[in-house]
Amino acid sequence: MGIFFRLLISLLCPIALGYFMLARVKDENKYFYHLERFSLAFILGIGGLTWLMFTLSFLGIDFDFLYFFLVLITITAAVYVILAARNRLADFQDYLLSVRAYRPSLFQVVVFSAIVLICLLVLPHWYMFPLAAWDGWAIYGFKSKALYLAKSVPLDFFIDPTKAFAHLDYPLLFPLVEAWVYTVLDSWNDQLVNIVFLFYFLSFLIIFYFNLRSFTNRSFALLFTFFLTLIPKFTDFMLCGYSDLALLVYYFVSLIYLLRWSLQPERISFLCVSAICSGLAAWTKNEGLAFCLINFTILVFLLFIRHKRASTNWRLVVCYFGLVMIIILHWMIFKARLRIPNDLINSQNISLNILRENLYRVPIIFSYFKRFMIILSDWNILWVSLPLIILLRIKRVFSHPALLILLSMLAYFTIWFFIYMITPRQINWHLVNSLERLLLQMVPLALFSIALLLSPPKENKPCA
Amino acid sequence: MFKGRVLLIIFSIIWFFWGAYLVVKDIPQSLERGKLSLALNLEGRRDYVLGGDLYSFIKFAEKNIPEDKTINVIFRGDEFGAQLFYYRVYYYLYPRQFAKNADYFLSYNLSLAEIPAGYKPVAEFDAHKYLLIKEGS
Numbered sequence: 001m002g003i004f005f006r007l008l009i010s011l012l013c014p015i016a017l018g019y020f021m022l023a024r025v026k027d028e029n030k031y032f033y034h035l036e037r038f039s040l041a042f043i044l045g046i047g048g049l050t051w052l053m054f055t056l057s058f059l060g061i062d063f064d065f066l067y068f069f070l071v072l073i074t075i076t077a078a079v080y081v082i083l084a085a086r087n088r089l090a091d092f093q094d095y096l097l098s099v100r101a102y103r104p105s106l107f108q109v110v111v112f113s114a115i116v117l118i119c120l121l122v123l124p125h126w127y128m129f130p131l132a133a134w135d136g137w138a139i140y141g142f143k144s145k146a147l148y149l150a151k152s153v154p155l156d157f158f159i160d161p162t163k164a165f166a167h168l169d170y171p172l173l174f175p176l177v178e179a180w181v182y183t184v185l186d187s188w189n190d191q192l193v194n195i196v197f198l199f200y201f202l203s204f205l206i207i208f209y210f211n212l213r214s215f216t217n218r219s220f221a222l223l224f225t226f227f228l229t230l231i232p233k234f235t236d237f238m239l240c241g242y243s244d245l246a247l248l249v250y251y252f253v254s255l256i257y258l259l260r261w262s263l264q265p266e267r268i269s270f271l272c273v274s275a276i277c278s279g280l281a282a283w284t285k286n287e288g289l290a291f292c293l294i295n296f297t298i299l300v301f302l303l304f305i306r307h308k309r310a311s312t313n314w315r316l317v318v319c320y321f322g323l324v325m326i327i328i329l330h331w332m333i334f335k336a337r338l339r340i341p342n343d344l345i346n347s348q349n350i351s352l353n354i355l356r357e358n359l360y361r362v363p364i365i366f367s368y369f370k371r372f373m374i375i376l377s378d379w380n381i382l383w384v385s386l387p388l389i390i391l392l393r394i395k396r397v398f399s400h401p402a403l404l405i406l407l408s409m410l411a412y413f414t415i416w417f418f419i420y421m422i423t424p425r426q427i428n429w430h431l432v433n434s435l436e437r438l439l440l441q442m443v444p445l446a447l448f449s450i451a452l453l454l455s456p457p458k459e460n461k462p463c464a
Numbered sequence: 001m002f003k004g005r006v007l008l009i010i011f012s013i014i015w016f017f018w019g020a021y022l023v024v025k026d027i028p029q030s031l032e033r034g035k036l037s038l039a040l041n042l043e044g045r046r047d048y049v050l051g052g053d054l055y056s057f058i059k060f061a062e063k064n065i066p067e068d069k070t071i072n073v074i075f076r077g078d079e080f081g082a083q084l085f086y087y088r089v090y091y092y093l094y095p096r097q098f099a100k101n102a103d104y105f106l107s108y109n110l111s112l113a114e115i116p117a118g119y120k121p122v123a124e125f126d127a128h129k130y131l132l133i134k135e136g137s
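These protein sequence lines are chains G and C, in that order. Just so we're aligned, residue 1 is where the first sequence starts under the working numbering, counting upward by one. Just so we're aligned, residue 1 is where the second sequence starts under the working numbering, counting upward by one.
Read the hints as simulated data drawn from the structure, not as lab findings. Fair warning: this is a prediction, and the values are worked out from it, not measured in the lab. A portion of the hints provided could be inaccurate.
Straight-line alpha carbon distances no greater than 27 angstroms define the calculated DSS-like cross-link-like pairs of lysine-lysine that follow [stated by the list, open to error]:
id: 1; chain 1: C; residue 1: 25; chain 2: C; residue 2: 35
id: 2; chain 1: C; residue 1: 25; chain 2: G; residue 2: 370
id: 3; chain 1: C; residue 1: 63; chain 2: G; residue 2: 151
id: 4; chain 1: C; residue 1: 100; chain 2: C; residue 2: 59
id: 5; chain 1: C; residue 1: 25; chain 2: C; residue 2: 59
id: 6; chain 1: C; residue 1: 63; chain 2: G; residue 2: 163
Bound conformation, chain C alone (with noise of 0.2 angstroms):
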């Protein structure tokens, strides 16, 4: 009984100072992104997740893409950014559908130079992000 209530005192001290302090550590951010939540709309908060650009060249993607083409994407970049677009764009843009020689590609920090043959720029979000149409279509 007595070894029992010791045990629960030095396991509930320990536990709870050291939890605290792990949620005290975050209370700053934690305000900061109520804070930040407060002042987006959805648009805004949904741009603020994805970081950088991402989200801007999605929609810019889905407003000048008809919704029954398909889509294909081009990433230069580390392996992990490329999947992370795939996926991002497969995500936002559903139900437009992949292929592999896809009407559309939404092409990511890639020069002009190196547009995969057959296809050309139909509209240019900045200077290296690009959507290209197939020639011909």
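The following block holds chain G by itself, in its conformation from the complex (with noise of 0.2 angstroms):
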């Protein structure tokens, strides 16, 4: 029971450094549905905690003092959270009638009934033993067992050769997230800790029904939800241990808050949010600092197409970079002080001369990614529907938000092929260990898209 407990807290302590984080970000008038917020809170969280965890290990704080600290945050927060719903009782009375006078159409309680058993289903696949995928033990399960021994970011570790296996140039979100939760079970136990998957799976679930319900209804958002845990790639790496889900849940958060924003820019809150996860993007994965740039690329592209006022525009560019560096420049001082290498992309690959001995590559990196996509088996119709729904769609393409998702997934493949062009790795053996992976991270924006443009057109504005 006691470890039950413990698992328990080390959920909410993020939650709540979540909540406390929202409540920053200008959200006064409440912009977003409650359980879109826990969802936002949790992974804004995590995102906050494994931040100070860093961050304070170098003033010598150690994660058993951070700890006994945020549980202290956390009882208050909880106290406070009591006293002031017990002054609102009537707002959340009215909120407590207003779901119970909902009734939910046949429909939409079988395709809620449906997601319930299909996560129940997933469950036993991951959840229920402990992290065997490779990247899940080798790379972020070991480095978690390191910091969560020294109780602290051990420097030492960070330039031992004989520990270069766990990739010691990734940036240390899910390693720490791992730690966190071994540190408040005060024991090492990598199945418990799957219970950090199981609820990016949920809050990133619900994170993407209100996102898409933000622009059609219900029904339809509900149906697209469903849709989604109807990718088997994409439930199998949701919970087995590889950053890629944070990543995934992150991009996708940064990107269509983003849009959000775009469509109503007075909801600064949706911009912050955008944000954090842009820089949490870059504190999960070295690929995440290419989701920063497009994401940037496109905030100016929106402020400068669509807004007059160049003041407010820099402003905004300036915050928004500002928030996206605060959150990585310690992780990039740190690797650049210790000079631990990005085996990918350095100086000695980035030439003009390898790119064009490369060039025999081409053809390869394109069958790949097409033999990779026709996996109806891993993909469902996904990447095979897209581009006919593309096609079909196209007069809505240019006149829609689903076109900045789809040039932004564009640009994304368009950074990996250049990865490829000039990876020293054995490009086929390179192809088949990362592909997977890279179209994953693409899999809610393509589905969300295609939400979009499959959408009726009259509710194609954002909900209020």
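Each chain sits in its own coordinate frame; assemble them with the hints.
This is how it looks when you write it as structure tokens:
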């Protein structure tokens, strides 16, 4: 029983921290739905928590102290919430009444039940067993064990060549969150740590639903959330301990909230969430830096195309960039000072000569893309139907937010195409070992754009 | 409007039936894993995930090698198996440190005749799996 209580604490602390972060992002008008806010609090809180763990460990504050401190904060926050709820009992009762008054249609009940059923069915595959997928234990699991045992970020770990297999240049969000769970449990348990992935998965489903809901009606949003759970690779990867799960969540959130902000510029909280999640994407995996670059380009494009006031534009650009840098700068300095190399992108790999020499790779890369995308047992009909739907709905593509989603996906694929062109690794090996995850990171965005292109035209405006 | 609706219906039908087939196909395996997991404790689950006797051998090494000693592995088999063995041992026996001329070697699938010079068996897990200790230590 004690261990489950500790497990609960390990989740409540980041959620409390996430609520605190959300309260700081100008959400006075409560633009988020309750469940959406809860899910955002979880994913932002995890990011904030790992950022704190990393930063404080350089000030000599170990994970145990942070744990003690955060538990105190969480208890204080809980007391505050209870007292505030008592003061706003009438509001709360109104909310409960509105929930009770809502009568879901039979279709919505059936689809919701199907989502729950699928979640229950995928659980035993991963949740019931310790980290088993390669990167899950060899990279993130191994690092998290080292961090947990050291109770801080041990510098000597990152300069030891015998540990190079754990990809020491990968950012630390995932290892730190696992180390956090071990710290709270006070034991190394590579099975119970799966609870974090499960919460990411559930939070993401909720966020996906509410974001789609803001563009269309309930039934349609629920149907496409259900469709998301019918992509086998998606559910598999979401629970196997790969950090692609967190990367996918942060990138999706950062891009979609950026688009929602562009449609409702007065809602600055959307832009803040987008900026924080862009930074957290880079704090999760090196690929996240590419996402930051794409989001930043979209932001600049949106601001200078749509809005006239240059001073406001510059302020927003600087704030967005500043938030991203606050999150990732310390990690970049850490890597630079310890001279932890990136074996894929470095000054030796990027040259015109290498690009010219590797031109023979172009058809190989395209053929692998094609080969992976048409595996229907992995992706359902997602990648097959996407180009078809774009072609059939081409008029809507150009007058719709889906265009920006599709362009950002194209930009990301282009960046990866470039990486495949310069990679020093054997190209076939590299494609086989990374392409699947690259496609996975784009799955929710691809499905989201399909949903937008197929949604009824009159309901294409964001809801309040 | 009409074209969009037709497209949505066709897309939804194909997506649903194909997706449902993929889920249903995996239900027996999923249930079996769920049932199995309930019968095992954490150690048993780790053992199941690693397969064979690998986890038992690693636990055996953990019990018999002092924490302050350096370790390494010798493995007979394909390259992938050797890598997997190396990383698994590193993962489970951390914070024990790896070294080239380690105090202890975990020898997997080697006969006694193949033991490297300067080492001798110190504990036997089975006929082909030993812990080797540096002679003179």
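To see whether the hints hold, each was checked on the structure:
no.: 1; hint: C:25 / C:35; result: holds, 17 angstroms
no.: 2; hint: C:25 / G:370; result: holds, 25 angstroms
no.: 3; hint: C:63 / G:151; result: holds, 24 angstroms
no.: 4; hint: C:100 / C:59; result: holds, 22 angstroms
no.: 5; hint: C:25 / C:59; result: violated, 36 angstroms
no.: 6; hint: C:63 / G:163; result: holds, 23 angstroms
Checked against the numbered hints given earlier, this structure breaks only hint 5.
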